[in-house]
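*Asks:* Sequence:
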Amino acid sequence: MQRRQFLTAASAGVIAQLLTPAAMAQSADFWSLPRTVWLYRTATREQVRETYFADGKIIWGGYERLCQILRDTHANEAVEMSPVLLDILYGVQAWLAFNGIQRPLLTNSGYRTAWTNANTEGAARNSLHMEGRAWDGRVPGVATESLARFGLYLSGGGVGFYQAKNFVHLDDGRMRFWRG
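Residue numbers (our numbering): 89 to 268.
Rather than coming from a laboratory, the hints here were simulated on the basis of the structure. Glycine is no exception: its CB is placed at the ideal position from the N, C-alpha and C atoms. Misleading hints may appear alongside valid ones.
As the list claims (entries may be wrong) - Okay, the calculated beta carbon distance ranges per label pair: (1) Ser120 x Ala252: 35 to 45 Å; (2) Asn187 x Ala142: 20 to 30 Å; (3) Ala212 x Glu233: 18 to 28 Å; (4) Arg191 x Pro122: 17 to 27 Å; (5) Glu134 x Asn254: 14 to 24 Å; (6) Trp148 x Trp119: 11 to 21 Å; (7) Arg267 x Ala206: 16 to 26 Å; (8) Asp143 x Arg213: 33 to 43 Å; (9) Trp119 x Ile189: 35 to 45 Å; (10) Ala211 x Gly188: 33 to 43 Å; (11) Gln251 x Lys145: 32 to 42 Å; (12) Ala231 x Ala211: 40 to 50 Å; (13) Asn207 x Ser120: 34 to 44 Å; (14) Ala142 x Ala252: 34 to 44 Å.
Take these sequences, add in the hints, and give me the full structure.
*Replies:* Pasting the structure below:
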């Protein structure tokens, strides 16, 4: 077996192991549980672990604290973040916990004002960050490729894989994948 074939087979095996517990994210029971997200904002060193949804409704205190940490830190401006985006982050967090990884999602970017977006290298002109519908980040100790693949598995929206910059983009827009 050639090295490339071996690496492909090995990575497929690892991904298969990681995705097996992801079936829980497809169950009705999983989505009826209280939804908690744990975020660490790298730029400000802020950290929150908040429940934003329980008993079929948004928990406003937790939701607002998550929106605050996902604010545009350059303009210090927060908006109501997409609950669907938070659900995607919740799915990622649950996948991590199922695999014994108890770490926050390190957040590089959430909401961006038009000014911040225009001044962010490589940002799309019509970025969903400007609508509070996108997240950029990583998890220490988790390969960004694995995180991107799990984002694709969730089928919640767009997934960008930025291997050289060591982060993943997740959004609640149409399904698509790109490498940056």
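*Asks:* Does each hint fit the structure? Answer for all of them.
*Replies:* Evaluated hints:
1. The hinted range of 35 to 45 Å is satisfied by Ser120 and Ala252, whose Cβ atoms lie roughly 39 Å apart.
2. Here the CB-CB span from Asn187 to Ala142 is close to 24 Å, well matched to the stated 20 to 30 Å.
3. Hint check: Ala212 to Glu233, Cβ distance near 22 Å, so the stated range 18 to 28 Å holds.
4. About 20 Å separates the C-beta atoms of Arg191 and Pro122, a value consistent with the hinted range of 17 to 27 Å.
5. For the hinted restraint 14 to 24 Å between Glu134 and Asn254, the CB-CB distance of approximately 20 Å keeps it satisfied.
6. Range check, Trp148 to Trp119: Cβ separation about 20 Å, and the 11 to 21 Å hint holds.
7. For the pair Arg267 and Ala206, the supplied restraint of 16 to 26 Å holds, since their beta-carbon distance comes to about 23 Å.
8. Take Asp143 and Arg213: their Cβ atoms lie about 40 Å apart, and the range 33 to 43 Å holds.
9. At roughly 21 Å, the beta-carbon separation of Trp119 and Ile189 lies outside the given 35 to 45 Å, and the hint is violated.
10. In this structure, Ala211 and Gly188 meet the distance hint of 33 to 43 Å, their C-beta atoms being roughly 35 Å apart.
11. Against the hinted window of 32 to 42 Å, the Cβ-Cβ separation of Gln251 and Lys145 comes to about 39 Å, which satisfies the hint.
12. Between Ala231 and Ala211 the C-beta distance comes to about 24 Å, which lies outside the given range of 40 to 50 Å.
13. Between Asn207 and Ser120, the C-beta spacing of about 42 Å keeps the proposed range 34 to 44 Å intact.
14. Checking the proposed 34 to 44 Å range against Ala142 and Ala252 shows it holds: the Cβ atoms sit about 39 Å from each other.
Violation of the numbered hints given earlier is confined to hints 9 and 12; the remaining hints are satisfied by the structure.
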